[in-house]
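Enquirer: The residues making up each chain are set out below.
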Amino acid sequence: MSAAHPPSTLSAARAVLYKELTLERRAPQTLTAMALFCASAFVIFHFALGRNEIEGAIASGVLWVTLTLAALLGIGRSFVADREEGGLDGFLLAPAPRSALLIAKAMTLFIFLLIVGLLASMLFAVLLLGPTPTVSQWGSLALLIVLADLGIALVGTLIAGIAIQTRARDLITSILALPLLIPLLIAVTKASEPLLSAGGGTLVGRWLALLGLYDLIFGLLAYALFDYLVED
Amino acid sequence: MSNTLPPNTGYVAAAYLVFLFILLIYIVIMAIRAARVERELAELLVQSQQRTASKADGEASSQ
Amino acid sequence: MPTTKSLYGRRLTGYAIATGIVLTAALALAFFYAPIEADQGFSQKIFYIHVPLAIVTLGGFVFGGIFGIQYLRSGDTRHDLRSYTAIHQGLIFCIGALITGSIWAKAAWGQWWVWDEPTLVSFLIVFLLYCTYQPLRFSIEDPERQARYAAVFAVVAGVFVPVNFIAVRLASPLIHPRVLGSSGGSLPNDMRLAFYSALLGITLLFITICKYEMASKHSRAQLAALRRSLIGEHDEPAPARSAAPRIAVK
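Residue numbers (the numbering used here), protein chains in the order written: chain A, 30 to 261; chain B, 4 to 66; chain C, 2 to 251.
Any given hint could be a false lead.
What the hints assert, rightly or not - Facing chain A, a subset of chain C residues (Cβ under 7 Å, in silico): (1) Ser103; (2) Ile126; (3) Tyr150; (4) Val164.
To be verified - Quick list of simulated restraints, FRET-style, between CB atoms: (5) A/Pro124 / B/Ile28: 50 to 58 Å; (6) C/Arg11 / B/Ser64: 44 to 52 Å; (7) C/Ala39 / A/Arg235: 29 to 37 Å; (8) C/Pro36 / A/Gly234: 42 to 50 Å; (9) B/Gln50 / C/Phe32: 49 to 57 Å; (10) A/Gly234 / C/Gln112: 27 to 35 Å; (11) C/Arg12 / B/Gln50: 56 to 64 Å; (12) B/Glu46 / C/Asp143: 50 to 58 Å; (13) C/Pro163 / A/Lys48: 33 to 41 Å; (14) A/Leu242 / C/Asp143: 29 to 37 Å; (15) B/Ile28 / A/Ala56: 46 to 54 Å; (16) B/Leu26 / A/Thr163: 55 to 63 Å.
Note that these hints are calculated values from the structure, not bench results.
Cβ coordinates follow ideal geometry from the N, Cα and C atoms, glycine included.
Same shape as in the complex, but just chain A (with noise of 0.2 Å):
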């Protein structure tokens, strides 16, 4: 690449990704928030509902009401660093166009959502849930967890890049993100209900259609407004 041309959108967010993955491996932060999240989040569950085994719909919801909340704690992070230590500046001087930075910090949350709800799922398994899921039902949860994180991740930039600005950072990053992320979360119960029911199941394609639908939208979406959020 030549000083004369700015980067490509690509590369400049490959080079923000790289920073970000390089930044958790040298002091892996967040990560290992969530995953801690999640297991105490687990035991909680054991205790406040008084069972050893869950199944179904409840074991539907305990684990996407963790996967979520966990979520929120790495929405939260996502640009903290770069604005207390002036990275966002940095990002803006450089002559990189701005949807890099959407690109690059949706892939970092996505990353991380994809590590933790892989942990989180298989602790899960080995802690609360009472059936064993079979292989193909592995795959149909593995795939859930891929389509609804990448809903998070998109949805959770959106969101960290709002509320980085204003003064209750942590309050807007909950109270935004949880009502937007009610349709993805829907979809993904309803989905799981089966793939963690005792008698076993297979997945529901609408609910698939609705997951695929939520993330295209809001990342078009993500896409499209991005560039107001980091305007100056």
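Given chain A's structure and the hints, the job is docking chains B and C onto it.
Expert: Below, chains B and C alone, put in the same frame as chain A:
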């Protein structure tokens, strides 16, 4: 008419009362605002009258 | 040259008169002309206030999003004020729709809250989302940034509304025998007349209140400007932080 009231009248009345109540609250809010605007306008009027009066005084004494 | 034309209150009188006439006529039609519904009896009369409130609420939110887009494209603060007012009043109408809906659920099904009723549940979710609009605005101090971020929120939330309705409807078992489609399409003619006039009346009420609100905000901004020019800039305290848009007075 009171002898022939259909059942569930209370709920219908309640629903319309809710609507009326919200409208009335809005009127109260607007009334508070209107009162404040009136007060501020009166203040400004007094100030501008004082200013005109003192200007007139100044012109009268300089003559 | 400062403009002496009324900027926001234009045609406000006409709207106010029309609201008064149409809404009164609609309520008269609903109670004296529309027949008592065979299945639900008299409690079906709640329909004539609840459904228009709900439709107008959603319309207000959608227009809030449209004005948000217009603000982002033009940077004209008048669009920000319009977006703010539409969402703000929409939220108040939303409270009305939720409470009347809850009363209707009690009258028709014996429970204050019915999770099987997708429209009601969707409304609660939309309400929860739009409740964050004011705190969001309030937590951003810079007026320009406040307007920009609020517009982004208005657009996202405006798109969220239909997605949310799809999701909630898919998740509901759809077993409720609704004699009356909420669109009013399957209504008998005399009920339809009452319903559509109520819808028109509530729409006019919404527009009147929005215009009134904006005219009132504008006149208070003008009053503040007048005070500044009479008393002087320096004696005035700085304007308090507010969730409402700051209005430029020409």
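Enquirer: Check each numbered hint from earlier against the structure, then list the numbers of those it violates in ascending order.
Expert: 1, 11, 12
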